Amino acid sequence: MNKKILIIDDDEDFVAITKTIFESKSFQCVSAYSAKEGLQKIKEENPDLIIVDVMMEDMTAGFRLVNTLRTAEEGSEYNAYSNIPLLMVTVFEDVTKIDIQKKAGTTLLPVDEFMRKPVKPRELLTKAEKMLA
Amino acid sequence: MKKEFKILIIDDEAAIRDSCSQVLSKEGYFTETAEDGSVGLEKAKETKPDLVLVDLKMPGISGMEVLESLKDIDPDIVSIVITGYATIESAVEAMKLGAYDYIPKPFTPDELRLITRRGLEKRRLLLETSALRQEKKQMEENFISLVTHELRSPLIAVKQYFDVILDEEISGKLKEKQKEMLSRASERIDGLMKLVNDWLQMMGIREDEVAKRTQAFDLKPLLKEAIELLKPLADKSDVALQLKSLDDIPRAYGDKITLKHVFMNIISNGIKYNRKEGKVTVSLREEGGLLAVDIADTGMGIPEESLPLIFDQFYRVRGKGTRKLIGTGLGLSIARKIVEAHKGQIKVHSTLGKGSTFTVLLPKAQQSRKQNKSAKKVHKKGAGLNFNPTSIKGGQRNE
Numbered sequence: 001m002n003k004k005i006l007i008i009d010d011d012e013d014f015v016a017i018t019k020t021i022f023e024s025k026s027f028q029c030v031s032a033y034s035a036k037e038g039l040q041k042i043k044e045e046n047p048d049l050i051i052v053d054v055m056m057e058d059m060t061a062g063f064r065l066v067n068t069l070r071t072a073e074e075g076s077e078y079n080a081y082s083n084i085p086l087l088m089v090t091v092f093e094d095v096t097k098i099d100i101q102k103k104a105g106t107t108l109l110p111v112d113e114f115m116r117k118p119v120k121p122r123e124l125l126t127k128a129e130k131m132l133a
Numbered sequence: 001m002k003k004e005f006k007i008l009i010i011d012d013e014a015a016i017r018d019s020c021s022q023v024l025s026k027e028g029y030f031t032e033t034a035e036d037g038s039v040g041l042e043k044a045k046e047t048k049p050d051l052v053l054v055d056l057k058m059p060g061i062s063g064m065e066v067l068e069s070l071k072d073i074d075p076d077i078v079s080i081v082i083t084g085y086a087t088i089e090s091a092v093e094a095m096k097l098g099a100y101d102y103i104p105k106p107f108t109p110d111e112l113r114l115i116t117r118r119g120l121e122k123r124r125l126l127l128e129t130s131a132l133r134q135e136k137k138q139m140e141e142n143f144i145s146l147v148t149h150e151l152r153s154p155l156i157a158v159k160q161y162f163d164v165i166l167d168e169e170i171s172g173k174l175k176e177k178q179k180e181m182l183s184r185a186s187e188r189i190d191g192l193m194k195l196v197n198d199w200l201q202m203m204g205i206r207e208d209e210v211a212k213r214t215q216a217f218d219l220k221p222l223l224k225e226a227i228e229l230l231k232p233l234a235d236k237s238d239v240a241l242q243l244k245s246l247d248d249i250p251r252a253y254g255d256k257i258t259l260k261h262v263f264m265n266i267i268s269n270g271i272k273y274n275r276k277e278g279k280v281t282v283s284l285r286e287e288g289g290l291l292a293v294d295i296a297d298t299g300m301g302i303p304e305e306s307l308p309l310i311f312d313q314f315y316r317v318r319g320k321g322t323r324k325l326i327g328t329g330l331g332l333s334i335a336r337k338i339v340e341a342h343k344g345q346i347k348v349h350s351t352l353g354k355g356s357t358f359t360v361l362l363p364k365a366q367q368s369r370k371q372n373k374s375a376k377k378v379h380k381k382g383a384g385l386n387f388n389p390t391s392i393k394g395g396q397r398n399e
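Heads up: the protein sequence lines correspond to chains V and Z, in order. The opening position of the first sequence corresponds to residue 1 in my numbering, with each subsequent residue numbered one higher. The opening position of the second sequence corresponds to residue 1 in my numbering, with each subsequent residue numbered one higher.
For the record, the hints were derived by calculation from the structure and aren't laboratory data. Since the model is a prediction, treat every value here as computed from it, not as a measurement. We put the beta carbon where it would ideally sit given N, CA and C, even for glycine. Do not rely on the hints blindly, as some may be mistaken.
Calculated cross-link-like contacts (lysine-lysine; reagent style DSS-like; alpha-carbon spacing at most 25 Å) [to be verified]:
#1 Z:K194 with V:K120
#2 V:K25 with Z:K175
#3 V:K120 with Z:K177
Which residues of chain V face chain Z? A partial, calculated answer using Cβ under 8 Å [stated by the list, open to error]:
#4 E45
#5 R122
#6 T126
Please construct the entire structure, taking both the sequences and the accompanying hints into account.
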């Protein structure tokens with residue numbers, strides 16, 4: 001079975017590009033264009049890896065999605081998905097004055113990897129393959 | 001709608017307090033009284049009055065001290081001094097401390113009404129100015145985040161498409177000519193992205209933000225770090241990097257994040273505009289009570305007529321040596337803006353064909369605090385002497 005990757009981003013171009021990159025390596029891709037739709041798709045598709053943007057419906061929609069997943073306790077509808085590997089992407093840079101890259105993997109930003117856009121196709125593939133291994 | 005103004009009367013003489021309060025209440029103002037300076041300041045903190053009448057001669061805290069502390073509570077507070085000894089000297093002294101006007105004892109109710117009305121008119125203008133300033137700041141901040149998202153997102157999307165097309169393993173084989181043109185297009189997008197980032201950074205540098213992060217620190221490790229980060233670029237350009245410093249150098253006082261950016265910018269310029277097998281020497285020394293960092297390169301140098309312009313936004317030296325280098329013309333103006341936010345200075349000395357030396361002067365740890373304080377006082381004095389409404393404009397422009 002080919003691994004399934006869920007791409008959640010309100011930027012249609014980013015979704016299309018990311019799909020092209022992963023499909024070239026025969027990954028199966030599904031997409032969502034908002035955090036809300038993303039949560040729905042997680043339950044429907046049960047992906048092997050999630051790529052999620054930060055700013056969608058609002059400035060921090062992506063952060064909230066990540067928290068919903070990671071803090072889902074037993075009995076919660078997301079509990080079964082709380083350990084899916086997460087890769088976060090964002091265009092944000094200096095404006096926030098916080099180096100989020102370093103925060104990846106901590107309780108503050110409980111994702112496995114963090115990348116700034118534009119992401120390099122090769123780097124994205126390497127990271128994703130490692131996370132899926 | 002008419003705003004209800006609050007007036008605080010601080011005077012040790014009960015008769016003055018009561019009569020002032022009576023006259024001003026009848027005018028429709030909300031009044032409060034205090035019998036000495038410390039009670040007055042307490043009440044000022046609580047009620048945030050628009051105007052304060054202060055007696056200069058009181059037991060306990062003097063009127064002059066009250067004036068100074070009032071400005072800390074609200075810099076836009078309007079204070080009027082009541083003085084029994086109608087001496088010009090004490091009135092002038094009070095004005096210097098930020099009082100708006102003075103009224104000599106004894107005074108008539110009409111005189112009090114007139115001077116209060118004028119004081120409150122001034123207060124209204126100050127409040128309007130401050131609201132406008134706040135609004136402007138808000139707009140600037142919103143604009144920055146809007147530009148960040150709206151301008152960078154499409155650029156990033158374009159860049160991503162190029163990256164994917166140019167990756168032949170993903171998108172399939174390209175013709176040599178296509179590849180060449182697409183690569184060049186991709187580089188131009190990089191340049192544009194850099195420009196947007198630099199410009200956003202420029203908008204983002206604010207003196208208050210820098211001040212918040214300011215601390216005492218050693219410059220040498222920071223310079224070392226900047227040099228290390230630029231080593232790959234230097235190696236690629238075949239330029240040697242060197243750091244020279246005396247062992248016993250006092251600590252600097254500043255914001256490490258933005259200063260690192262300054263040094264990295266100047267050093268990378270030194271590398272970019274250098275010759276093959278050239279070098280960039282960074283040295284740390286003291287100069288006239290300040291710390292000086294010299295960044296000397298062995299590059300092409302800057303033509304004399306360009307020297308006064310290189311710190312201007314978007315200015316780039318044109319010549320056959322610089323044509324191929326991608327740059328935004330913002331690097332040095334950002335550097336200067338940061339250094340000036342530190343109350344420092346940036347200088348350049350250059351000889352055509354031999355190289356350029358940039359010198360960054362920064363305050364030392366101990367000294368800088370004192371300097372900032374005295375600078376603040378001078379500013380205060382200046383503000384206190386603004387009597388007429390037209391001078392508000394001048395102050396605004398200085399912000």
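Checked hints:
no.	hint	result
1	Z:K194 with V:K120	holds (17 Å)
2	V:K25 with Z:K175	holds (22 Å)
3	V:K120 with Z:K177	holds (23 Å)
4	E45	violated (23 Å)
5	R122	holds (7 Å)
6	T126	violated (13 Å)
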